[in-house]
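Novice: Here are the chains, one letter per residue:
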Amino acid sequence: MSERQPFIRNFSIIAHIDHGKSTLADRFIQVCGGLAEREMSEQVLDSMDIERERGITIKAQSVSLTYRARDGQDYYLNFIDTPGHVDFSYEVSRSLAACDGALLVVDASQGVEAQSVANCYTAIDQGLEVVPVLNKIDLPAAEPERVMQEIEDVIGIDAHDALPVSAKTGIGVPDLLEVLVRRIPPPTGDANAPLQALIIDSWFDNYLGVVALVRVMHGSLRRKQKITAMSTGRSHLVDRVGVFTPKPADREVLETGDVGFVIATIKDITGAKVGDTLTSTDHPALTPLPGFKEVQPRVFAGIFPISSDDYNDLREALDKLKLNDASLHYEPETSQALGFGFRCGFLGMLHMEIVQERLEREYNLELISTAPTVVYEVLTTKGEVIYIHNPAQLPPVNEVAEVREPIINANVLLPQDYVGNVITLCVEKRGVQTRMQYLGKQVSLGYDLPLSEVVLDFFDRLKSVSRGYASFDYTLDRFQAAPLVKVDVLINGERVDALSIITHRDQAQSRGRELTERMSDLIPRQMFEVAIQAAIGSKIIARSSVKAMRKNVTAKCYGGDISRKRKLLEKQKAGKKRMKQIGRVEVPQEAFLAVLQVDQQNK
Amino acid sequence: MSDALPPLGLYVHLPFCLRKCPYCDFNSYPTPPTSAQQGRYIQALLADLDADLQAYPHIRTRPLHSLFIGGGTPSLFAPAALGQLLDGVGARLHCPLGLEISLEANPGTLNLKALRAYHALGINRLSLGIQSFHAPHLRALGRLHDAHAARQAICDAHIAGFSRINLDLMFGLPQQNPQQALADLNTALSYAPSHLSWYQLTLEEDTPFAHHPPAHLPDEESLWAIQHAGLARLAEAGYQHYEISAHAPPGMECQHNLNYWQFGDYLGIGAGAHGKISSRSAAGTLVIERRSKQREPQGYIEQALNGASLLASAYQLSASDTVFECMLNALRLQEGIPLSLFTQHTGLTASCLQSPWQHAITQGLMQNHPKQLAPTALGQRFLNDLQTLFLPT
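Those sequence lines, one after another, are chains H and Y.
When we follow our numbering, the leftmost residue of the first sequence carries the number 1, and every step to the right adds one.
When we follow our numbering, the leftmost residue of the second sequence carries the number 1001, and every step to the right adds one.
Because the hints were derived from the structure by calculation, they are not lab data.
Treat the hints with care, since some could be wrong.
[Unchecked claim] Far from chain H, some chain Y residues (derived; all Cβ distances over 12 Å):
#1 His1119
#2 Ala1135
#3 His1228
#4 Gly1251
#5 His1369
#6 Gly1379
[Said to hold, decoys possible] Straight-line C-alpha distance at most 16 Å; calculated EDC-like pairs for lysine to aspartate or glutamate:
#7 Lys565/H x Asp1168/Y
#8 Lys556/H x Asp1168/Y
#9 Lys226/H x Asp205/H
#10 Lys322/H x Glu362/H
#11 Lys551/H x Asp1219/Y
#12 Lys320/H x Glu252/H
#13 Lys224/H x Asp250/H
#14 Lys551/H x Glu1221/Y
#15 Lys577/H x Asp310/H
#16 Lys567/H x Glu1204/Y
#17 Lys565/H x Asp1206/Y
#18 Lys382/H x Glu399/H
#19 Lys567/H x Asp1219/Y
#20 Lys567/H x Glu1302/Y
#21 Lys267/H x Asp319/H
#22 Lys571/H x Glu1204/Y
#23 Lys571/H x Asp1168/Y
#24 Lys226/H x Asp239/H
#25 Lys551/H x Asp1206/Y
#26 Lys577/H x Glu590/H
#27 Lys547/H x Glu1220/Y
#28 Lys441/H x Glu150/H
#29 Lys322/H x Asp205/H
#30 Lys547/H x Glu1205/Y
#31 Lys267/H x Asp239/H
#32 Lys547/H x Glu1221/Y
#33 Lys247/H x Asp310/H
#34 Lys567/H x Glu1205/Y
#35 Lys565/H x Asp1025/Y
#36 Lys441/H x Asp417/H
#37 Lys576/H x Glu586/H
#38 Lys556/H x Asp1025/Y
#39 Lys273/H x Asp325/H
#40 Lys556/H x Glu1302/Y
By construction, the Cβ of each residue, glycine as well, lies at the ideal position given by its N, Cα and C atoms.
Given these sequences and hints, build the entire structure.
Specialist: Following this line, the structure appears as structure tokens:
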């Protein structure tokens, strides 16, 4: 055992969004002197632009701090950040695998939320010490007694000594650090055993190449050492090792229990897969550490460049995003309407939005994405089982024996007052109640829900019917047969594959009507009337139209000066560039997501 | 391919008005010139013309096709001043007999005596900015004349001997209903003008109307009803709709404007005037240059009289710009232009048109004719969409 090992503390913070995780982390960094005051101007951990703008954490990250405890002993704290949104729950188990304990941070006025419950169970399952903390104790609405009771009722851990803190004002933070070093155990692990380092995260840096964030489980990892990635068997020379303070700081060695980064001569991210084990090439470990289950995308959508010239740029951009986001899946797809693009798989709607936003913002691409869908299991009349990621692929009705949709087990946690609203919502979303449990003032509802009903807007609707108090977590459970039909959209008689949706038969009529109406609002008037129809097979179930424009002509003659007229036309052309030509009809980007807006209108 | 260069027009810009109308986006200033200022401005114009002639020496050998004095309100200039201008032009350029010489004039600034004097100068075409015969609409447009002055000006022009008279008339005015618009058109036709420019009020960028749009503009359906009925009425009266807004009995078309639309050449002199001149390089290829002049009149006068350059811009057109500019103009004409005229006036081959031309035919915006570049009826209604197809990428 190294001299430092007994004093290392590896921990995560489990908290719901907005419950103050980032602020608390910043406070730790400040108390431990990781950054000067002026560097604390922004929350430092959420480093991607989008993360900061949306106030969420997407990727796991770590900070190593040195804390001098009241007994005069220096402790080496490694804080491993976890994402707080349900879309990214799989990232949580990864982060927790590097930890020996976790702080459960609960807002002292809002109480426990479903996401925290789920993550807390994951931590307990992994044998972590969970330390409850009540945050925002400075707020007048804080009810520490009630929330302590709630933690005990809902999660079932002892919370009577939960520390009251305010990450914002700093109240209680020094005490919390004392409790942390006392309660969270030091890492176990054999310093003399062959190296086993678990890759918690890895990303591609334009200057450094592949950077891997690792937890050294056994042995040690030195600069200039030769290491082998156990899943690929490939060997690499270690260029640099170090820790994030949160700025990267080089070290000579990472010892047993340390969490830090490794930069080796690894060319691409597949050489440092998350969950893989790095070992010493000369004295390799016999077996790899248990890794992570590979995460499966749940939401699928087509992404197409507006201009077909951008197809290669889009591919390159996706390749680059994939370097840092192993959960992003994509494969080439051809749409009759939209041309060449990619069918992409995402963890959820938020993940999809983020990827799309990054493609547009960081890679300057103009894109059309199709309405998101889930994967359906289809039993054909020939007895084959196929999986459909795109509604357009659904075989003709006469070849389909059964369509099965993914069902989730949902857990909703909410204050009693909103039970009625939430049940109504779940029923509307074709949910079947499996459980209802009163826990203090909170209610825990279990529902089996079709995933397709959940991915689009369930999360937002849940928030709005419960004034933001209900929270939600789910696991994928099974495929289940349902009377599902494909609704096609025809624009001027032309079937537009990219607009097809799969929906429950009972909802097909109203979905079709809403969809055509919404489309007719979104498609601008053109030289001719545009007919928009929704159809199941050859049967038209809804129609609407966009009246023809009468004319588009500038009457006045500018005589010799053509420059103004040219500017006017260039402006018109720029507006059209953002549209896709379907037959003769110019269809704007938003129209392809009309199905989402239909749901929003219903709110 | 013929070596002949396109016909050459001369545009003279007189940028002064009594006041600025709220819909107008031309280069004009509400500062009526004194007679001394008129003299100085005419001198400046001739200096401007001299500079153009120095830049394009071959111009002297090209006969002038048309001359147009526009503004602004050119009728603010006294006949004597315009006489100096025409004398100066005559001394510098080859003016054939029967040359079309047009003058723009506003009813509020005219009297019979002045009109007789203009006619005596050789000005043989008058373009009157009537806009409407309905007093409330004239006020809404900020025009200085009333309905009576409008009628009087037309009568006086006839009496003064003008046989070619254009009336500018607008429709789609605030609170105007289709009956009123048709009444205006019928009144205009009752004078049997040789030409009618009948166009819809457009809210141009950076005008008072654009910033504060007048209330109660007719909606799209009323506008359509007006246009539909008006075009039928004009056709019935024997006027050919030869360009988006221009109507004339056969043979009475405005030669000067027609030359713009057929992508002809023109010199532009005066503050803010634009010109387009073709010439042949030593190797015989057609070179097209555009130039524009200093916009602000006082600066224009001073620079001209000091012998300084008046150019605000001067550049050669690329092939793609040439295609676009030619089509931008030609497609305004109901009949378009023959392909041979395109090749002659652009110096380019038909292959330069191929993709957008084909596209326009497929969309039903241009006629499917191998030798004529012409819009269809749909293309005329959606001219902006059609012209956009020819924008350089």
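Novice: Please flag the earlier hints that this structure goes against, numbers listed from lowest up.
Specialist: Violated hints (numbers, rising): 3, 6, 7, 9, 12, 19, 20, 23, 25, 30, 33, 40; every other hint is consistent with the structure.
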